[in-house]
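Participant: Listed below are the residues making up each chain.
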Amino acid sequence: MHSTEIHTYLHRFFKENDCEILHGNEHYLTVQLTIDMDKRIMNRPFYWRYIESVNETPNPAQLTLITDMQQLHNGMKGEIIHLGSPRLHQLFQVTKEMGQFVKMYEHIEDTSEQLILTPWVGVNYKVSFTSHQTKEMLYSVGINLMTGAVVKEFQETISMLDLSDQSSEQVFHLPYIITPVRALDRLDAVITQVIEGEDLTWVEEAEKRWRKDQAVLDYFYEGQEPKPECYEMEKQAMEERFKPRISVDVVNGGLFYLK
Amino acid sequence: MLIERSSSWKEGFIQRLENHEPWNNSVLYNLSYTIAENNLITNFTGLQSLAYLPNIKPLPHQIEAAERVIEQMNGKAILADEVGLGKTIEAGLIIKEYLLRGLVKKVLILVPASLVNQWVEELYTKFHIPALLYKKNYELDYVDVVVMSMDTAKRSPHKEKIYAQDYDLIIVDEAHKLKNHQTISYEFVQSLKKKFCLLLTATPIQNDTFELFYLVTLLKQGHLGNYDEFSSVFSAKNRDEERDSYLKELVSQVMVRNRRQDTGVEWSTRKVHTIPITFTDHERQVYTAISNLKHISSVFSGAFSTMTLQREMCSSPEATIGTLRNLLPECKQVEEITHVEEVIGQLEKLSIHSKAKKATELIIQANEKVIIFTEYRMTQLYLSDYLYANGISNVIFNGKLSKSSREWIKHLFKQQAQVLIATESGAEGINLQFCHHVINYDLPWNPMKLEQRIGRVHRLGQEHDVQIYNLAVKETIDDHVMKVLQGKIETFEQVVGELDDILEMKERSV
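Protein chains in written order, with this note's numbering: chain B, 1 to 259; chain U, 1 to 510.
If you are wondering where the hints come from, they were derived from the structure by calculation, not from laboratory data.
Some clues are possibly wrong.
[Said to hold, decoys possible] Cβ pair distances, simulated, as ranges:
#1 Leu115(B) to Asn38(U): 33 to 41 Å
#2 Glu196(B) to Asp244(U): 34 to 42 Å
#3 Leu161(B) to Gly264(U): 48 to 56 Å
#4 Lys105(U) to Met76(B): 31 to 39 Å
#5 Val181(B) to Met1(U): 24 to 32 Å
#6 Gln214(B) to Thr152(U): 29 to 37 Å
#7 Thr157(B) to Thr152(U): 54 to 62 Å
#8 Ile35(B) to Ala113(U): 43 to 51 Å
#9 Glu207(B) to Asp244(U): 29 to 37 Å
Ideal placement from N, C-alpha and C gives every residue a C-beta, glycine not left out.
Take these sequences, add in the hints, and give me the full structure.
Facilitator: Have a look at this one:
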């Protein structure tokens, strides 16, 4: 993410969260937080507890976020925001929490005839492959709740459609045949299949290294019975270091009514 | 293989379907996906962290070191770059990478008390890692990255608090302090679980190869075999080239060592000068008298006390007098006492030490900022007075200074004083690139201490050639120290790799 992308992101993030942007240009912005946003990101629970207990007028903070470091030299005061900055990381986290579940409808131009929209469940999965190293993959999959058909790159597909939070009028939403719970189980199975098709040489590599280190350790304590505590501890550390693991997280997902 | 899944999203989704909670904003939904896409770790290898660190530009050797530690050494390594090449940067890169990849959550950083603040500050400003400076009574449950002084950490109740945590990454700075496996520090580090572990030291061997054995064993038990095997194969007596290169190979599997010349950075060079000094007749007389004290009294019969006195005599009369005065109460017989007092009397008459005189000449000749290192506090004071008397401004730096006074003295040296007179304990961790003359007024027994001293000025950012003056009084204990130093440097080079010039070596084996 370049600084311009970050800047665009910040703008959209605060706008969508109803935080007024007081002033700014392409290098910085000063934003008035809402009470809710202040509670989420300013990390001052005692202030809020106090204000609420004495019924005082709350005074949510203003933030100046600078995306171009050059501006600092011009004497501007504020937080520098870049890809590694804790603040941005925090906003990413808030974005994730606040954008987990959606229900969206494909927009229909006004027509005289009645149109039918089909329900889909779409989920964005993040799969992590972890041993002494890591790799992650994103899979976006969707399932048609009428037919059970599964499509990949679901997010990419819907991002080209005109979707909205509100249903258009004169539109009939088909009641689903496959329940969302069943659909999610089906998608889980799809992801499992995808994972099984991935290159698993990293597992072999990790296990090879693990065995090698274990052999060195065993050799060091050869003939010692019972093994001392530090042997067990090192063995444990080795397992934590090398044991191959695969985990699946959901970034977000939702219910979609599509043409 | 088992696939781990969390069900929390699924539950939240079902709840919303049943109208228990409102749906989220669709713009944030799309933003969230974009973020996930952007921050995805798409490769097992390579440093992802560089994109997150706009405040630093790591040098190629630092990036390579971090990659090697993570990818080939499985996150367990001795970082042994020469002083001043940025071991902290390498460690920072490794921590950041592991945090980013989610392989490490909790980090414990053990450092000498004098470097605690520096670590916290560097981690924050350079790597955006909020590390906590540990103080008494702090709870460690909610702190992910903590910096602690080794002296605190190894003691109760702090060590119990550490044992109660589950650290993923342990870092020990100035790890050569762990060379002795019988110390509390060693045992403490040994008893910590080391999923990932970095030991930082510019000087993995100070005296003999066993130090390296213990350091490597601390990191990875069994890597160099057990003690008996190691000592039978690699002890100094039956070493040969083949075994040395085998040992070197084993060591290089767990150790990263960059030398200045490997870094691709244009380094200024070192010019090492050995400055021989001749005692005046009077000084020689006193030196002989001191050497003969062992015949006069049993108090001085131990080889150690004679050697100490001789070394002090090669440094300053004040240092010698100090030790003699300390030993005087142990003398019981009247003849002994009078004899020692007589020697003290002779010492007091020596107003100018030949070495101090020579050092002053060198400073005047340099006509620039100079650091003088001495082994003795008394010599430090003596030199300070002597230099002032000769119109040379100077400040004193030693291990007893607090953190803020250190900064102040460093500032004074940079801005005003021509000379900084430092003792060993003061040398650690201060960076003085603005100076390029080092006088080793006394030589330590250990070549790595010399390297640490020189490393204060010969580090990244030094623009001039560094002039090093090693002072040694002819036909005294100084000669012997020189010889020992040379022997140790050879041991180091055979096992670890070459060293940058410390001593002036005429017949260096290639």
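Participant: Each of the hints needs a verdict: does it hold here or not?
Facilitator: Here's how the hints hold up against the structure:
| no. | hint | verdict |
| --- | --- | --- |
| 1 | Leu115(B) to Asn38(U): 33 to 41 Å | holds (36 Å) |
| 2 | Glu196(B) to Asp244(U): 34 to 42 Å | violated (49 Å) |
| 3 | Leu161(B) to Gly264(U): 48 to 56 Å | holds (52 Å) |
| 4 | Lys105(U) to Met76(B): 31 to 39 Å | holds (35 Å) |
| 5 | Val181(B) to Met1(U): 24 to 32 Å | holds (26 Å) |
| 6 | Gln214(B) to Thr152(U): 29 to 37 Å | holds (34 Å) |
| 7 | Thr157(B) to Thr152(U): 54 to 62 Å | holds (58 Å) |
| 8 | Ile35(B) to Ala113(U): 43 to 51 Å | holds (44 Å) |
| 9 | Glu207(B) to Asp244(U): 29 to 37 Å | holds (33 Å) |
Of the numbered hints listed earlier, the single one contradicted by the structure is hint 2.
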